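Student: Sequence:
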Amino acid sequence: MRHLARRRTAAGVALAALALALPLPVAAAAPAVAPTGPDCPSVTADFVDQRTVGGTNEANERLQVPRAQELARELSGKPAGTGVTVVVVDTPFDDPDRAPGAASGHGLVAAGIIGGRDQTDPVRVDVGIAPDARVVSAPFYTTPESERTDGGVVPMASGLAARLGTVAADVRSGTYGSRVIVLVPTQVPRSAALEKQVARLISAGALVVAASGDRPAEGEFPEQLFEDKPGEDAADVVWPAAAPGVLAVGVSTPGTGTILRSSRIDLAAPGADAVSRGRNGGWCTLPTPSTHWAAAQVAAVAALVWSAYPREDATALATRLEQTASGSGGPASAVTGYGIVQPVEALQRRVDGASPPPADPMTPAPPPREQADLLAGTRKDAVWWGLGGGAALVVLIVLRPLLSRRR
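Taking mature numbering (1 follows the signal peptide of the UniProt record, and there is no 0), I'd label the letters of the sequence shown as residues -28 to -1, 1 to 379.
No wet-lab data here; the hints were simulated from the structure. Note that the coordinates shown come from a computational prediction; the quantities given were computed from them, not determined experimentally. You may find that some hints are simply not true.
Derived Cβ-Cβ restraints for the label pairs, each shown as a range [said to hold, decoys possible]:
no.	residue 1	residue 2	range
1	Thr24	Ser145	36 to 46 Å
2	Asp66	Arg45	23 to 33 Å
3	Asp67	Arg96	16 to 26 Å
4	Gln36	Asp324	19 to 29 Å
Below, simulated SDA-like cross-link-like pairs (lysine to any residue); rule was C-alpha separation at most 25 Å, straight line [unchecked claim]:
no.	residue 1	residue 2
5	Lys168	Lys201
6	Lys50	Gly149
7	Lys201	Ala189
8	Lys201	Glu117
9	Lys168	Val126
10	Lys168	Gly137
11	Lys50	Lys168
12	Lys201	Pro226
13	Lys50	Ala189
14	Lys168	Gly146
15	Lys201	Val108
16	Lys168	Tyr148
17	Lys168	Ala288
18	Lys50	Thr291
19	Lys50	Thr147
20	Lys168	Thr225
21	Lys168	Pro226
22	Lys168	Ser150
23	Lys50	Ala288
24	Lys168	Pro259
25	Lys50	Arg135
26	Lys50	Ser14
27	Lys201	Pro303
28	Lys50	Thr287
29	Lys168	Ser109
30	Lys168	Arg89
31	Lys168	Ala141
32	Lys201	Gly229
33	Lys168	Pro303
34	Lys168	Gly229
Built from N, CA and C at the ideal position, the CB exists for glycine as well.
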């Protein structure tokens, strides 16, 4: 029995040594869960029983929004979006907590992506990307083309041109402050008047962000855009995204045949799997990809970054967003432009022609992303073989006295 006890003791020591020799497993981060709940465009004021969502704001997680918000606060000492005004030129909206029931939720949803209040019950879900930005409604229509009804005002180039003219005047007068982003989360055909008013806005110092275009089902657009065709390029057709100086935004979600391809696209964002506010005053989800929602996400990221770099102008801000995008350095894509917007990179990296990080201007920023390590798999295997061999050697050393006595 004493020899058996020794063998058990030796075996226990060997197993303990083996356990110490091998590295502990590292728990993988839990993947983001797509939000579940009512579809924002379908929500009406009488959706009284569907006011909350589940899951997470997956789009915000993909864009690393929580970390970007922390960085913005660290750099500026103020909450993300502070000091920046985002003018949403779309359908009219008001604060859904005070005045729910707008005729269309399109503009409200875009505004919620930017600065919507977080859901706290029954589960917490982050909503607004730049929650402390000032979000202003500048309506020019009441009904999206997809919701066309008798008497509804649908988006038209003439109406958009007129509204952008008044917004440009307000930007020049300082009504919105010194840092203004004008978001147009919709699309209309080109017109001379629209081209003129967009140019006025840009010369007034505003950053203009627009949707690169969803595939139209009807309306004033050319018939060739109604169906997905090889070699498609909507660059000269969809406005105001096609205007010089405008940040045109595409969708990064793969397999989206409902999105127009365009050589004019500058940046991309998920455009889906997000959470916003609905016409019933509650929260809702955006499961279907759209450049309209992607444009709102980029405008919100721009507001977040601008709040941390208040001395930059709109041109420098656009440069910062483009040079830190995920595909920066490669040729532009007809779907994602220069790449997916990266708020954390935009806050941390040095950018040519832009201000250095305010918190520590002498610290060089990390590269945009690591190069692929072609030997990573081989190196990993070698490490494990080495650990296994070391563990076996430890076991033999521990058991050697026992084996000698048995002989």
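Student: It remains to establish, for every hint, whether it holds in the given structure.
Tutor: Each hint, compared with the structure:
Look at Thr24 against Ser145: about 41 Å separates their beta carbons, and that is inside 36 to 46 Å. The supplied range of 23 to 33 Å is met by Asp66 and Arg45, whose beta-carbon atoms lie about 28 Å from each other. Distance hint for Asp67 and Arg96: a CB-CB separation of about 21 Å, consistent with the stated range 16 to 26 Å. One distance hint, 19 to 29 Å for the beta-carbon pair Gln36 and Asp324, holds here, with the actual separation near 23 Å.
A distance of roughly 31 Å separates the Cα atoms of Lys168 and Lys201; the hinted pair therefore is violated under the 25 Å criterion. In summary, the hint linking Lys50 to Gly149 is supported, as the alpha carbons are separated by about 17 Å, within the 25 Å threshold. At most 25 Å may separate the alpha-carbon atoms for a hinted pair to count; Lys201 and Ala189 meet this at roughly 15 Å. Taking the CA atoms of Lys201 and Glu117, the gap is about 22 Å. The hint holds against a cut of 25 Å.
Restraint check: the Cα-Cα separation between Lys168 and Val126 comes to about 21 Å, which is no more than 25 Å; the hinted pair holds. A threshold of 25 Å between alpha carbons decides the hint, and for Lys168 with Gly137 the separation of about 9 Å falls inside it, so the pair holds. At roughly 36 Å between alpha-carbon atoms, Lys50 and Lys168 are farther apart than 25 Å, so this suggested pair is violated. For the given pair, Lys201 sits about 17 Å from Pro226 by alpha-carbon distance, which is consistent with the 25 Å threshold.
Straight-line distance between C-alpha atoms of Lys50 and Ala189 comes to about 44 Å, which puts the hinted pair past the 25 Å bound. With a C-alpha separation of about 20 Å, the suggested pairing of Lys168 with Gly146 holds against the 25 Å cut-off. With a C-alpha separation of about 38 Å, the suggested pairing of Lys201 with Val108 is violated against the 25 Å cut-off. Of the pairs offered as hints, the one joining Lys168 and Tyr148 holds, with about 21 Å between alpha carbons and a cut-off of 25 Å not exceeded.
About 22 Å separates the Cα atoms of Lys168 and Ala288, which keeps this hinted pair within 25 Å; it holds. The straight-line distance between the Cα atoms of Lys50 and Thr291 is roughly 23 Å, inside the 25 Å bound, and the hint therefore holds. As the CA atoms of Lys50 and Thr147 are separated by approximately 22 Å, the hinted pair is consistent with the 25 Å bound. Note on Lys168 and Thr225: the hinted pairing is violated, with a Cα-Cα distance of about 33 Å set against a maximum of 25 Å.
This hinted pair does not check out: Lys168 and Pro226 have alpha carbons roughly 35 Å apart, beyond 25 Å. At roughly 22 Å between alpha-carbon atoms, Lys168 and Ser150 fall within 25 Å of each other, so this suggested pair holds. Distance restraint check for Lys50 and Ala288: the Cα-Cα separation of roughly 21 Å lies within the 25 Å cut-off, and the hinted pair is therefore satisfied. Only pairs whose Cα atoms come within 25 Å are accepted, and Lys168 paired with Pro259 is rejected, the gap being roughly 35 Å.
A distance of roughly 32 Å separates the Cα atoms of Lys50 and Arg135; the hinted pair therefore is violated under the 25 Å criterion. Of the pairs offered as hints, the one joining Lys50 and Ser14 is violated, with about 35 Å between alpha carbons and a cut-off of 25 Å exceeded. Taken as a hint, the Lys201 and Pro303 pair is honoured in the structure, with Cα atoms around 22 Å apart against an allowance of 25 Å. In summary, the hint linking Lys50 to Thr287 is supported, as the alpha carbons are separated by about 23 Å, within the 25 Å threshold.
Straight-line distance between C-alpha atoms of Lys168 and Ser109 comes to about 21 Å, which keeps the hinted pair within the 25 Å bound. This hinted pair does not check out: Lys168 and Arg89 have alpha carbons roughly 36 Å apart, beyond 25 Å. Annotation: proposed proximity of Lys168 to Ala141 holds, straight-line Cα distance about 13 Å (limit 25 Å). At most 25 Å may separate the alpha-carbon atoms for a hinted pair to count; Lys201 and Gly229 meet this at roughly 10 Å.
Proximity of Lys168 to Pro303 is assessed by CA-CA distance (about 30 Å); at most 25 Å being required, the pair is judged violated. Distance check on the hinted pair: Lys168 and Gly229 sit about 32 Å apart at the alpha-carbon level, beyond 25 Å; violated.
Consistency note: the structure conflicts with the earlier hints numbered 5, 11, 13, 15, 20, 21, 24, 25, 26, 30, 33 and 34.
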